[in-house]
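J.: Please arrange chains B, C and D on chain A, whose structure you already have, making use of the hints.
There are 4 protein chains.
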Amino acid sequence: MKFAKQALLVTALAFAGSAFAQTPVTNAAINETEVLAAQKAWGDALVAISEANVQGGPTAAKALAEKVLDGAYGYNLGPVLFKPTLTQAPQTFRTTRAGALAYFVGGDANYPTDTGFALKGWKKVEISNAAILLAGNTATTMGNVSFTDKDGKVTVVDKTWEFKKDDAGRLRIVVHHSSLPFAAGK
Amino acid sequence: MKFAKQALLVTALAFAGSAFAQTPVTNAAINETEVLAAQKAWGDALVAISEANVQGGPTAAKALAEKVLDGAYGYNLGPVLFKPTLTQAPQTFRTTRAGALAYFVGGDANYPTDTGFALKGWKKVEISNAAILLAGNTATTMGNVSFTDKDGKVTVVDKTWEFKKDDAGRLRIVVHHSSLPFAAGK
Amino acid sequence: MKFAKQALLVTALAFAGSAFAQTPVTNAAINETEVLAAQKAWGDALVAISEANVQGGPTAAKALAEKVLDGAYGYNLGPVLFKPTLTQAPQTFRTTRAGALAYFVGGDANYPTDTGFALKGWKKVEISNAAILLAGNTATTMGNVSFTDKDGKVTVVDKTWEFKKDDAGRLRIVVHHSSLPFAAGK
Amino acid sequence: MKFAKQALLVTALAFAGSAFAQTPVTNAAINETEVLAAQKAWGDALVAISEANVQGGPTAAKALAEKVLDGAYGYNLGPVLFKPTLTQAPQTFRTTRAGALAYFVGGDANYPTDTGFALKGWKKVEISNAAILLAGNTATTMGNVSFTDKDGKVTVVDKTWEFKKDDAGRLRIVVHHSSLPFAAGK
Chain A
108 MKFAKQALLV TALAFAGSAF AQTPVTNAAI NETEVLAAQK AWGDALVAIS EANVQGGPTA
168 AKALAEKVLD GAYGYNLGPV LFKPTLTQAP QTFRTTRAGA LAYFVGGDAN YPTDTGFALK
228 GWKKVEISNA AILLAGNTAT TMGNVSFTDK DGKVTVVDKT WEFKKDDAGR LRIVVHHSSL
288 PFAAGK
Chain B
108 MKFAKQALLV TALAFAGSAF AQTPVTNAAI NETEVLAAQK AWGDALVAIS EANVQGGPTA
168 AKALAEKVLD GAYGYNLGPV LFKPTLTQAP QTFRTTRAGA LAYFVGGDAN YPTDTGFALK
228 GWKKVEISNA AILLAGNTAT TMGNVSFTDK DGKVTVVDKT WEFKKDDAGR LRIVVHHSSL
288 PFAAGK
Chain C
108 MKFAKQALLV TALAFAGSAF AQTPVTNAAI NETEVLAAQK AWGDALVAIS EANVQGGPTA
168 AKALAEKVLD GAYGYNLGPV LFKPTLTQAP QTFRTTRAGA LAYFVGGDAN YPTDTGFALK
228 GWKKVEISNA AILLAGNTAT TMGNVSFTDK DGKVTVVDKT WEFKKDDAGR LRIVVHHSSL
288 PFAAGK
Chain D
108 MKFAKQALLV TALAFAGSAF AQTPVTNAAI NETEVLAAQK AWGDALVAIS EANVQGGPTA
168 AKALAEKVLD GAYGYNLGPV LFKPTLTQAP QTFRTTRAGA LAYFVGGDAN YPTDTGFALK
228 GWKKVEISNA AILLAGNTAT TMGNVSFTDK DGKVTVVDKT WEFKKDDAGR LRIVVHHSSL
288 PFAAGK
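Those sequence lines, one after another, are chains A, B, C and D.
Everything in the first sequence is counted per this note's numbering, starting at 108 for the first residue and increasing by one.
Everything in the second sequence is counted per this note's numbering, starting at 108 for the first residue and increasing by one.
Everything in the third sequence is counted per this note's numbering, starting at 108 for the first residue and increasing by one.
Everything in the fourth sequence is counted per this note's numbering, starting at 108 for the first residue and increasing by one.
The hints are simulated quantities; they were obtained by calculation from the structure and are not laboratory data.
As the structure is a computational prediction, the values presented were derived from the model and not from experiment.
Treat the hints with care, since some could be wrong.
[Claimed, not checked] To be clear about the criterion: a stretch of chain A counts as covered by chain C if any three or more of its residues have a C-beta under 8 Å from a C-beta of chain C, and this derived list gives those stretches:
{"#": "1", "segment": "137–150"}
{"#": "2", "segment": "193–205"}
[Unchecked claim] Counterexamples of contact, computed for chain C against chain B with all Cβ distances above 10 Å:
{"#": "3", "residue": "Thr133"}
{"#": "4", "residue": "Glu158"}
{"#": "5", "residue": "Val161"}
{"#": "6", "residue": "Gly163"}
{"#": "7", "residue": "Pro165"}
{"#": "8", "residue": "Ala167"}
{"#": "9", "residue": "Leu193"}
{"#": "10", "residue": "Arg204"}
{"#": "11", "residue": "Gly214"}
{"#": "12", "residue": "Ala216"}
{"#": "13", "residue": "Asn244"}
{"#": "14", "residue": "Lys271"}
[To be verified] Calculated lysine to aspartate or glutamate pairs in the DMTMM-like style (CA-CA distance at most 25 Å, straight line):
{"#": "15", "chain 1": "C", "residue 1": "Lys174", "chain 2": "B", "residue 2": "Glu173"}
{"#": "16", "chain 1": "D", "residue 1": "Lys174", "chain 2": "D", "residue 2": "Glu233"}
{"#": "17", "chain 1": "B", "residue 1": "Lys174", "chain 2": "C", "residue 2": "Asp274"}
{"#": "18", "chain 1": "C", "residue 1": "Lys174", "chain 2": "C", "residue 2": "Asp215"}
Backbone N, C-alpha and C define an ideal beta-carbon position, used for all residues, glycine too.
Next up, chain A with everything else stripped away, as it sits in the complex:
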């Protein structure tokens, strides 16, 4: 839970036709600014993991990915509803931290088809929201995310994120559904 005004009532004032000196406001709700910041942080983190891979190899990339997962996702709160872009049955849904980590950086024998989405040399991530739903202490976005790699190739996905504000006031991804656009004729 976040303190919009952290100052507490150091001095309790007698009511005297006026007001308390300071009114502490605790805010468990999520606003649009917080949502946009959390989305940007996700994109920046993906690029940073790609860069860590270039600079320090898979070990460095994995270490950063773990830090990102632990800070930005809600696996500490319970299973996360995560459908990554490129996963397949029977491992489509990555409700556990291990499954998410394997998707991002690969190298996990339990997820043999994972090659590491975050290792694909991403240079830029852009997010375009079709709509945002601020529901209270959760918020959901839907729209396109475009990934530009080191060769300038752009991949666009359809993406839904639901964020929850935790007790410490931090937004955590509790739902993440990503998919390649439907291609007619396939």
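T.: Chains B, C and D alone, transformed into the frame defined by chain A:
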């Protein structure tokens, strides 16, 4: 549900050649500004009912009180947890609209001790919050409310309000606990 | 808002070392049973629209689809975050009721690529949740939905739904992201 | 956050016209059973503190009171909206843990009028709810609480509690307004 921002994204984002022109944001959460406005509206309404009583008598006061109750309280959503300042057992809690109306304007044989709190000639209402809790699509306040009558006499009460934002984006009082300050030695 | 116990306090009882005769409980939260019922209703409705098309043609199908949309989705609350399985840019996201209706039954010149997903002769819909997140007055599910058509052909999609309980206690879909499974090598 | 079903997907099953073996459900919402249990725990704790005072004196009572406060109230989440029964201006509202502790066990020079509500030899606490509002991840109750002391004397108060389910799935009191019944003629 209220649209916090219907404004367009005036700066077009160059997203893969096609940014969304507008991102609609639906906001079910309550912010501090909305809470303070709802509190002020409650105080203004009380003074207005007192004034309606002076100008038009009990019938006018009752008509306005019904309008206020239907607009500002959540009796349309279910029982309201309402403990008025001056009620007594066995009619302490006014979970129904009828019980609330009787408290504010009296004249209901089913509530024989009610004399009409809103008819006491109130001229001014001041609200001083000790703390505010924004919980998502509800928000709760606690603090003092002072009522000044036509003779300048001030009555101060301890008051808790919980507001809920309804589907139409309107804040409604779903909890209201009011009490006279404890007086030691009584 | 739903009344878990609709009985009101017909008679307010004096406190006498015991309890109130009846405690009304208003419940704005969503439980798992409600979620599963809403999912099943969605599947049943899709089959019903297909059947209406067989029995009464496109007009009957459209009439039923409108009724289903108005009862099961939250377009009355604001834009719905809806990414149907088979839509394409620039009409991927169907945040409006018109866009959703066109997707389900086609026949709208403004959505020229829509042929009517609900008209594909669906006979059976099965839902398998990978995980469920009950967040308060919203709930989100993620998993597979399989559609069996009149020839016994099965189509499986990855699907996320977020439901919101409205003021009347009805669950409404406010987020819906559906996608075909990723196929490696394509 | 509480896991209604903590079992995770040990084995991810391929979709085959059936279902996932286990669906983990994360539940951030509060139900009536949880509310009643939290209320009962509050009453039991008050009696336990009184008993600790008899058995071990003020030091033992204070130690237990601190444990109760830390487990049952939300001071770790931010200011609590707490208006105890017997406090007076300018210290009516106890939004800090220190203020709450002083109210329950006294002995704090910063709160000179506090004599320790929990030290009054309470033997029994009974709770009678006039209405309950389950709002999502918060829930609010209003009603009477009766306290019976060692001499059999009963004190009845009007009380409102708002509980919030924290990230660990524990209900915490975030709002608490208690007041003596209004006595006409005083």
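J.: Does each hint hold? Answer for all of them.
T.: Hints, one by one, checked against the model:
no. : hint                  : result
1   : 137–150               : violated (count 0)
2   : 193–205               : holds (count 7)
3   : Thr133                : violated (4 Å)
4   : Glu158                : holds (32 Å)
5   : Val161                : holds (36 Å)
6   : Gly163                : holds (33 Å)
7   : Pro165                : holds (30 Å)
8   : Ala167                : holds (30 Å)
9   : Leu193                : holds (19 Å)
10  : Arg204                : holds (13 Å)
11  : Gly214                : holds (25 Å)
12  : Ala216                : holds (21 Å)
13  : Asn244                : violated (7 Å)
14  : Lys271                : violated (8 Å)
15  : Lys174/C <-> Glu173/B : violated (34 Å)
16  : Lys174/D <-> Glu233/D : holds (22 Å)
17  : Lys174/B <-> Asp274/C : holds (20 Å)
18  : Lys174/C <-> Asp215/C : holds (17 Å)
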